[in-house]
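Student: Put chain A on the given structure of chain L with help from the hints.
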Amino acid sequence: MTFLTNVANILAKYWQVFLIQGIGYTLLLSVIAVAGGAFFGSLLALAKRSKLKILKALAAILVEIVRGTPVLLQLYIGVFVFPMIIPKLSSLPYIYSVSIVLIINSSAYVSEIIRSGIEAVDVGQMEAARSLGLTHTTAMLSIILPQAVKNILPALGNEFIMVVKETSLASTFFVGELMTAYLKVKGYTYLTMECLAIVGVLYFALTYILSKILKAFERRMKAHA
Amino acid sequence: MKKMSKILCMLLSVAMLLSLAACGSSANTAAKGEANLAAAYDKYLSGFSTNGTNGTLTVALSPDFAPMEFYDVAKSGDAAIVGFDVLLANYLAQELDMNLALKPMSFDACQAAVQTGNVDIAISGFSWTYERSQNYELSDWYVAGDNETEQSIICLKENEGKFTKPEDFVGAKIGYQGASLQQVLVEETFGEMDVDISNVFSDLGTAVEALKAKQIDFLAVAHGNGESIIASANDSIAFTGFDFEVDEIYKNNVCLLQKGNTELLEKVNAALAKALENDYYSGWYDACKVYAGVSTLDELGFDDEGNKITE
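Each protein sequence line maps, in turn, to chains L and A.
The first sequence begins at 1 in the numbering used here and counts up one residue at a time.
The second sequence begins at 1 in the numbering used here and counts up one residue at a time.
Here chain L stands alone, though its shape is the one from the complex (with noise of 0.2 Å):
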């Protein structure tokens, strides 16, 4: 019972830090690493898919570096190392740096969903596009990519969610997400538990209204089939 009333009680003095900026900035950041992990991760598959052998070899360099890492190590080279290569990074906020770190690491994982993706559309689909006297970049743009993308979307969600989860790390740095506001009240009035089951249910909740809204996505891409 105490432990109820002391949720409540932690709930009603810090709601505003675990609410607003807390699950603001956990979103803030899922977005960011996610839409950046897309966009640049499209880039890695492609390097990897390249004729180059060294542009091939170098995103397939840093796949396995940041796939075979910890996120935590990432985090702590990002913060600290970054700086050191660019200057302008270290006047600024901690959230930048642990941006960068979280994008890259996202498009490690996105650019091998890409390549999987592409890789399961059947061989004899380009080869019957080509054989019709379609060009290479025509067949992948029309006929390929757009099968891959029904392939790409549900593992791109799951890599959503991922990354929500993730994000926690971030707290190392106190950059503000659901993680860190559990650090500051637990650090103000001692009561771990409490602000733990707190960030449970919200980390829970918002990774579950996540997953809905995209099984609901994914249907209609079914329905379109």
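Honestly, the hints are just simulated from the structure, not real lab data.
Once the Cα atoms are required to be at most 30 Å apart in a straight line, the calculated DSS-like pairs of lysine-lysine come out as: (1) L:Lys150 x L:Lys222; (2) A:Lys162 x A:Lys212; (3) L:Lys88 x A:Lys259; (4) A:Lys43 x A:Lys274; (5) A:Lys267 x L:Lys88; (6) L:Lys88 x A:Lys75; (7) A:Lys212 x L:Lys165; (8) A:Lys75 x L:Lys165; (9) L:Lys48 x L:Lys222; (10) L:Lys165 x L:Lys150; (11) A:Lys43 x A:Lys267; (12) A:Lys214 x A:Lys173.
Where chain A lies over chain L, by a calculated footprint (3+ residues, C-beta under 8 Å): (13) 12-19; (14) 80-86; (15) 169-175; (16) 187-193.
None of these values were measured; they are calculated from a predicted model.
Glycine included, every Cβ here is placed at the ideal spot set by N, Cα and C.
Tutor: Only chain A this time, still in chain L's reference frame:
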């Protein structure tokens, strides 16, 4: 599918209800005169001034550690980060004639930030340790009231006062925060004895939960933090009655600077010496204790206990 949307509706309405309830009661708490809690602190803070002729002093700190550094969510921006170390940072900025930029981050990250030169100085309740002195420039000591001078062990209420000598802890599990002064003290005191000291926690809050869940029997804390923890634990936690014998070098806090940054170190030490001479520290610490203590207790409905810390 219908079922799903029903559940969703329920979740949403619960969230709405909660936030409505939240709106109602936050209006009540605001009427209680919150400004008074911060009054002493704000007076100290507004007493500092700087022209910023020597650029900006960037300070790393981990604001999840009342009363040394914590968030006042009623304020916004940099001003929301408050506490003893923030007053000290403002004082240093004034003495060095620099503008101040606070960089909040986790305790571990504070050290990485100093090491990489990402910030000029870390002021976050750091204690002197031999390892730190090897890898960083450490400033002279500054005094943080009894937060550091007394180091204690807390336990569940039922064991209050039963453990007073190191031998009493044989066979028990003692927890502590990693990379903290308590770790050094626990290892020095119990390292040779039959005591389980393998329980390292990344932050105090988690450690307190482990104590409540009886995963550990005891938790080593700085006395000031112990008071905050006991106050917010609704009387289920208490001091054991055991205090560590704290060596003089551990009793105070230091600031961390990048190895080799002796120029800034000298200026910081001169400012710290002046603060010590004029006895600024105790006033600052009391102001922060009122600030943190009352917010923790009164605001969250622990009125009965609240008076103890504010007096």
